[in-house]
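Spelled out from the first residue to the last, the chains are:
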Amino acid sequence: MNSTATMVLKRLGLGFLTLIVISILIFVGVEALPGDLAEAVLGQNALPETVAAFRKELKLDLAPHVRYVSWLGDFLKGDFGNSLANGRPIIDLIGWRFANTIFLAATAAVIAVPISIILGILAALYRNTLFDRIISISTLSAISFPEFFIAYILIFLLSVQVVVFPSISNINDQMNFWEKIYAIALPCITLTMVVTAHMMRQTRAAIINILASPFIEMAHLKGLKRLRIIVLHAFPNALSPVINVVALNLAYLIVGVVIIEVVFVYPGLGQLLVDSVSKRDIPVVQASGLVFAATYVGLNLAADVFSIISNPRLRNPK
Amino acid sequence: MAFFKLIRQSPLSARIGLIIILINILAAILAPVITPYSETEIVADVWAPNSIDNLLGTDNLGRDLLTRLLYGARNTIAIAIATTILSFLTGIIFGFFAATLGGWVDQVLSRIIDIMMAFPTLIFALMVLSVVGTSISALIAVIALLDSTRVYRLSRAVAMDIGVMEFVEAARLRGEKIWWLMRHEILPNAMPPLVAEFGLRFCFVFLFIAALSFLGLGIKPPAADWGGMVRENAGAITFGITTPLWPAGAIAFLTVGVNLIVDWFLRLASGLKD
Numbered sequence: 000m001n002s003t004a005t006m007v008l009k010r011l012g013l014g015f016l017t018l019i020v021i022s023i024l025i026f027v028g029v030e031a032l033p034g035d036l037a038e039a040v041l042g043q044n045a046l047p048e049t050v051a052a053f054r055k056e057l058k059l060d061l062a063p064h065v066r067y068v069s070w071l072g073d074f075l076k077g078d079f080g081n082s083l084a085n086g087r088p089i090i091d092l093i094g095w096r097f098a099n100t101i102f103l104a105a106t107a108a109v110i111a112v113p114i115s116i117i118l119g120i121l122a123a124l125y126r127n128t129l130f131d132r133i134i135s136i137s138t139l140s141a142i143s144f145p146e147f148f149i150a151y152i153l154i155f156l157l158s159v160q161v162v163v164f165p166s167i168s169n170i171n172d173q174m175n176f177w178e179k180i181y182a183i184a185l186p187c188i189t190l191t192m193v194v195t196a197h198m199m200r201q202t203r204a205a206i207i208n209i210l211a212s213p214f215i216e217m218a219h220l221k222g223l224k225r226l227r228i229i230v231l232h233a234f235p236n237a238l239s240p241v242i243n244v245v246a247l248n249l250a251y252l253i254v255g256v257v258i259i260e261v262v263f264v265y266p267g268l269g270q271l272l273v274d275s276v277s278k279r280d281i282p283v284v285q286a287s288g289l290v291f292a293a294t295y296v297g298l299n300l301a302a303d304v305f306s307i308i309s310n311p312r313l314r315n316p317k
Numbered sequence: 000m001a002f003f004k005l006i007r008q009s010p011l012s013a014r015i016g017l018i019i020i021l022i023n024i025l026a027a028i029l030a031p032v033i034t035p036y037s038e039t040e041i042v043a044d045v046w047a048p049n050s051i052d053n054l055l056g057t058d059n060l061g062r063d064l065l066t067r068l069l070y071g072a073r074n075t076i077a078i079a080i081a082t083t084i085l086s087f088l089t090g091i092i093f094g095f096f097a098a099t100l101g102g103w104v105d106q107v108l109s110r111i112i113d114i115m116m117a118f119p120t121l122i123f124a125l126m127v128l129s130v131v132g133t134s135i136s137a138l139i140a141v142i143a144l145l146d147s148t149r150v151y152r153l154s155r156a157v158a159m160d161i162g163v164m165e166f167v168e169a170a171r172l173r174g175e176k177i178w179w180l181m182r183h184e185i186l187p188n189a190m191p192p193l194v195a196e197f198g199l200r201f202c203f204v205f206l207f208i209a210a211l212s213f214l215g216l217g218i219k220p221p222a223a224d225w226g227g228m229v230r231e232n233a234g235a236i237t238f239g240i241t242t243p244l245w246p247a248g249a250i251a252f253l254t255v256g257v258n259l260i261v262d263w264f265l266r267l268a269s270g271l272k273d
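Sequence order for the protein chains is A and B. Numbering-wise, numbering that gives the first Met the number 0 puts 317 at position 318 of the first sequence, and it's gapless, one number per residue. Numbering-wise, numbering that gives the first Met the number 0 puts 116 at position 117 of the second sequence, and it's gapless, one number per residue.
Calculated from the structure, these hints are not laboratory results. Since the model is a prediction, treat every value here as computed from it, not as a measurement. No false leads were mixed into what you were given.
If you want the footprint, here are the derived chain B segments under chain A, 3+ residues with CB under 8 Å:
(1) 121 to 128
(2) 214 to 220
(3) 231 to 237
(4) 244 to 252
Taking CB as the label site, the calculated pair distances span:
(5) A:Leu16 to B:Gly174: 39 to 45 Å
(6) A:Thr3 to B:Leu25: 57 to 63 Å
(7) B:Leu17 to A:Phe214: 40 to 46 Å
(8) A:Pro266 to B:Ala43: 35 to 41 Å
(9) B:Leu17 to A:Ser137: 19 to 25 Å
(10) B:Ser134 to A:Val68: 31 to 37 Å
(11) A:Phe15 to B:Ala81: 36 to 42 Å
(12) A:Pro47 to B:Ser134: 28 to 34 Å
(13) A:Phe130 to B:Val194: 29 to 35 Å
(14) B:Val45 to A:Ala293: 39 to 45 Å
(15) B:Gly101 to A:Ser137: 41 to 47 Å
(16) B:Ser134 to A:His219: 56 to 62 Å
(17) A:Thr5 to B:Ala81: 44 to 50 Å
Glycine included, each C-beta is placed from N, C-alpha and C at the ideal position.
Extracted from the complex, chain A is given alone in its bound form (with noise of 0.2 Å):
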């Protein structure tokens, strides 16, 4: 158990050294701007005390390493500097938006994860069948669609001919949590949709991994019945791919959400750092960015230190 322990710090260290990196990368292609960024912001024209005070305001009169340092060191105490565009701290822009996207994510996550697995273990045992064949070729087009495609035939199906649910997925604080359910109804189906199609293929994959392994052969040839080798013998070692897939398929919904929001104009994270970008407000776009980049890093971890857990041979490396 000791060395598990080990690995699993192993793997949070050098995830936290990704992060670090990912943030030096983010600071640094700031800096690589023509100009400075006063200067971008405040246009040429711009009087030279006005620039040297914005400089100022922004501490681009220190040393790179210096600002590096006191820019991660607030960004960890939640101090993320104000918007170029409006002025105001980005922790209240970011912060409720990115509690938003969380929750459109997290709602796409609980429908999406079990649907997924169960149809991707039933494809992989009825494998070469009409079902299964029904199955991948519907998936291979889902994933063939861009995310907005499917989003707009929805849109058009279930807000315009009938009108069952918003087009447009506007959610506040006054709405309750039903209310807030059904005002990101497309959206989720949507997300759920594109991500159900990667996860169930990936994980038709793993169960036929495990299902080609000899110790099933073995199991087969034993005369065991199908039920108690499935349950018994093949999910408890397909538990680890499952768990892989599945953390892997929710750190692509995070970043996947930023289409979607787009479209159904919803008041996420993803939706901001598009309009950020398009502004060329750099803070914000280094904060949301950053934010994103933790979320992911931080579920692609998790997926690495299941399959450690879960894994007696990654456990033991030899």
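Using the hints, position chain B against chain A.
Just chain B, lined up with the frame of chain A:
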């Protein structure tokens, strides 16, 4: 003739994929011949319904939608292919170098790639584009760079396997230079997996560019491009007008086609397992 034999033995799904790709290529090449209008010509009212003159109706500025779709095929596919080729050149060169040189070159390159892959691509692209600004060359460079990390992984792994074979060892002992080794010994043997990967990466790049254009950060109007067309016409959907579904459908159509071919190719390469 081997090509025709291969086609004759191909499953139905692969043939459908081939036809889809052919339709798209023809549309891209023959766009000026097929349609009487020019790419940015305003021909009728905004979002006019379909008629003899405008088979699919018109878009948000009154331009012929079919014309825009055909020209969009040109821009969208050309940029996606350019990006994929650039990403493959970068990925393969670095991957082969890492595999044949080994040692610290391999270590440094692989760790850099690991970190780049730990970062979600869409977010990475958005951040870089926010700094360098959105232009087609920036778009191609950023996406190619992000995508080459995946190509690097594959070509390094494949080249590792080939690099330990006897014939490579023989060439090494003969005193061949590393560049010659990569071109004459490793590349020809690494082709099959790389070709299948090319199809997959093309789909990914194609969808990625479409997504960025849809977000308003890709190919700039007035040039026609499928992702951008969805964005421009998105407002129509709430009036029950299907205009944005056409370019979005075109994206889906081509991606399904390429995926069907890749599926078939992979099954051929894996010797009909699974």
